[in-house]
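Chain residues, written in single-letter form:
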Amino acid sequence: MWQWFHKWGSAKWFYQASAAWSRVFGYFALLFLTLGLVWGFVFAPADYQMNHNYRIMYLHVPSAMLAQITYLLIAILGLVNLVWKIKITPILARAVLPFGASCVLLALLSGAFWGRPTWGTYWIWDARLTSTLFLFFLYMGLWACYSLLPASMGRNSAYKAAAIVAIVGSVNIPIIKFSVEWWNTLHQPASIRLTQRPAMPASMYLPLFASIIGFYCLMVYLMLKRARLLLLEDELHKAWVKEVEPKLVGGS
Amino acid sequence: MPFDSLAEFWSMGGHGFYVWTVVLFFALLLVLNLVSPSFITRRIKARLKRQQQLQQRR
Numbered sequence: 067m068w069q070w071f072h073k074w075g076s077a078k079w080f081y082q083a084s085a086a087w088s089r090v091f092g093y094f095a096l097l098f099l100t101l102g103l104v105w106g107f108v109f110a111p112a113d114y115q116m117n118h119n120y121r122i123m124y125l126h127v128p129s130a131m132l133a134q135i136t137y138l139l140i141a142i143l144g145l146v147n148l149v150w151k152i153k154i155t156p157i158l159a160r161a162v163l164p165f166g167a168s169c170v171l172l173a174l175l176s177g178a179f180w181g182r183p184t185w186g187t188y189w190i191w192d193a194r195l196t197s198t199l200f201l202f203f204l205y206m207g208l209w210a211c212y213s214l215l216p217a218s219m220g221r222n223s224a225y226k227a228a229a230i231v232a233i234v235g236s237v238n239i240p241i242i243k244f245s246v247e248w249w250n251t252l253h254q255p256a257s258i259r260l261t262q263r264p265a266m267p268a269s270m271y272l273p274l275f276a277s278i279i280g281f282y283c284l285m286v287y288l289m290l291k292r293a294r295l296l297l298l299e300d301e302l303h304k305a306w307v308k309e310v311e312p313k314l315v316g317g318s
Numbered sequence: 089m090p091f092d093s094l095a096e097f098w099s100m101g102g103h104g105f106y107v108w109t110v111v112l113f114f115a116l117l118l119v120l121n122l123v124s125p126s127f128i129t130r131r132i133k134a135r136l137k138r139q140q141q142l143q144q145r146r
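As you go down the protein sequences, you meet chains A and B in turn. Read left to right, the first sequence gives residues 67 to 318 (my numbering). Read left to right, the second sequence gives residues 89 to 146 (my numbering).
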């Protein structure tokens, strides 16, 4: 157990091990996204009420889910950083941030373009939509913390401040999740749940599951890919960087 | 198959504008996410170069 902990504290170990993981997740992301999206957009049957327009679901549901999961991940990584001070955690949080922010944007835009033909409006200030917009602002705030604070207050303090912002902001996640049940919203409640059978046929939800798995793999792939480079940047003058990337640092 | 022809596929039952805008936006964000790590590499290289120049001047 402690040895495992110790490993995660080692930047060199992470840098070397994550190269293979990121590649594996990259291939899985390609596989599942292609499967889910081609199946969903080309082969899945049309909906009897929404016609072909419901196909936006294959991008809307995964992106909205991953926007929230990514935020929770950033908050948990922040908590781990505050309690155990594992060096790699704030870097992983920074690395996954752009993906999370992209997911909120996609969820909001795909929601708008699904809402226009179905509800008759691009935007409405209802609980689900407003709390999701708030999630986008939280991502922007975190982004500012991670990219602007280090210059003025030092990297470690900045990472701690960002962790606190992330943890406090995570209160918004259950609000998004339960908004469709607590308030009367235009947004429908969830059609797929862990505990119940989905409210649609297998020919519609199987491609959706493939797309969701693809989004998860894409998150891990992009997180590891960025984290390795951010780690390199943070530790550019440590001995291990010269050891593993002699070509990059060798010249200086 | 829910579509009989390619034209039907593009029109998405009259909802083509909404469906394809979302797909296009997804593709745009995906490309941006895939390309942006190279910005970090470029930043690192620029920093190393700057430091090298400083050292040579000394």
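Just so you know, these hints were derived from the structure itself, not from any lab. Among the clues, some could well be false.
Said to hold, decoys possible - Cut-off 16 Å, straight-line C-alpha distance, at most; resulting in silico cross-link-like pairs (EDC-like, lysine to aspartate or glutamate): (1) B:K137 to A:E247; (2) A:K153 to A:E311; (3) B:K137 to A:D192; (4) A:K304 to A:D113; (5) A:K308 to A:D113; (6) B:K133 to A:D192; (7) A:K78 to A:E247; (8) A:K226 to A:D113; (9) B:K133 to A:E311; (10) A:K243 to A:D300; (11) A:K313 to A:E299; (12) B:K133 to A:D300; (13) A:K313 to A:D113.
Results for each hint:
Between K137 of chain B and E247 of chain A the CA atoms are separated by roughly 56 Å; this puts the pair beyond 16 Å, and the hint is violated. Of the pairs offered as hints, the one joining K153 of chain A and E311 of chain A is violated, with about 20 Å between alpha carbons and a cut-off of 16 Å exceeded. Between the alpha carbons of K137 of chain B and D192 of chain A the distance comes to roughly 51 Å, so the proposed pair goes past 16 Å and is violated. For the suggested pair K304 of chain A and D113 of chain A, the alpha carbons sit about 57 Å apart, so the restraint of at most 16 Å is broken.
A threshold of 16 Å between alpha carbons decides the hint, and for K308 of chain A with D113 of chain A the separation of about 57 Å lies outside it, so the pair is violated. With a CA separation close to 47 Å, the supplied pair K133 of chain B and D192 of chain A exceeds the 16 Å bound. Under the criterion of a C-alpha separation no larger than 16 Å, the hint pairing K78 of chain A with E247 of chain A is inconsistent with the structure, at around 47 Å. Our distance criterion of 16 Å between C-alpha atoms is broken by K226 of chain A and D113 of chain A, whose separation comes to about 48 Å.
A C-alpha spacing of about 12 Å is found between K133 of chain B and E311 of chain A, which places the hinted pair at or below 16 Å, so the restraint holds. At most 16 Å may separate the alpha-carbon atoms for a hinted pair to count; K243 of chain A and D300 of chain A exceed this at roughly 36 Å. Our distance criterion of 16 Å between C-alpha atoms is met by K313 of chain A and E299 of chain A, whose separation comes to about 15 Å. The suggested pairing of K133 of chain B with D300 of chain A holds, with an alpha-carbon distance near 13 Å, which does not exceed 16 Å.
Simply put, K313 of chain A and D113 of chain A have alpha-carbon atoms about 55 Å apart, too far for the 16 Å limit, and the pair is violated.
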